[in-house]
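Visitor: Given only the sequences and the hints, what does the whole structure look like? Please build it.
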Amino acid sequence: MRNPFVLLLLSLLFGVFSAQAKMVTDITGRQVDVPDNPQRIVVGESRMLYTLALLEPGNPAQRVVGWPEDMARYDAQSWQLYTQKFPQIKAIPSISKGNFRQVNVENLIQLKPDLVILARYAREEGDSDFLLTALNKAGIAVIYVDLRVDLLNNTVPSVRLLGEVLNRQQRAEQFISFYQQHMAVIQQRLAGYRGPKPR
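Residues -21 to -1, 1 to 178 (mature numbering (1 follows the signal peptide of the UniProt record, and there is no 0)) make up the sequence shown, in order.
Don't read these hints as lab results, they were simulated from the structure. Misleading hints may appear alongside valid ones.
[To be verified] Dumping the calculated DSS-like pairs for lysine-lysine here, alpha-carbon to alpha-carbon at most 30 Å:
(1) K69 x K91
(2) K116 x K91
(3) K76 x K91
(4) K1 x K91
(5) K64 x K91
(6) K1 x K116
(7) K116 x K76
(8) K64 x K76
Guide: Here it is, written out as structure tokens:
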């Protein structure tokens, strides 16, 4: 007869280990083991802050430990508003002046992220596999989202993925419901439109 104490101990240990990681499917279809509660995140675009603000209460960059300077360069007005509200955002280390493809992988790894979130288009470049391989070898989980290119198809799954990864599922689903309701209204109005199409 098996010792019930041993069985209980094993089940508790398994629960602890399984809680430390979970598997998700990113926007490219990759299945990735990610930390159950990531606390040190590097994002491939600082403009992902817009979406993080939907999901994270308070400082939307509270878990971000590194990002490029694209938001400050290409959307200075929003950058100013965010940094006025959350001055600590200015202290987040820069990993690139504006383009994630220019990042120094060694510098990124030194930030000790437990998760890297990249834009979908970063995977379309030939040299992106080198980055992915280097991060995987360092034991760093990498997921891809699409928040700027194919928005009609990828907004909902990308927000849902981020909600799952950040354990903000409820907030993600609230936004998705809002988004889908408004998209349905737009589609309904366009369905009866017979005028000229925009070029």
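Visitor: Evaluate each hint against the coordinates.
Guide: Hints, verified against the model:
| no. | hint | result |
| --- | --- | --- |
| 1 | K69 x K91 | holds (19 Å) |
| 2 | K116 x K91 | holds (13 Å) |
| 3 | K76 x K91 | holds (20 Å) |
| 4 | K1 x K91 | holds (19 Å) |
| 5 | K64 x K91 | holds (27 Å) |
| 6 | K1 x K116 | holds (19 Å) |
| 7 | K116 x K76 | holds (25 Å) |
| 8 | K64 x K76 | holds (23 Å) |
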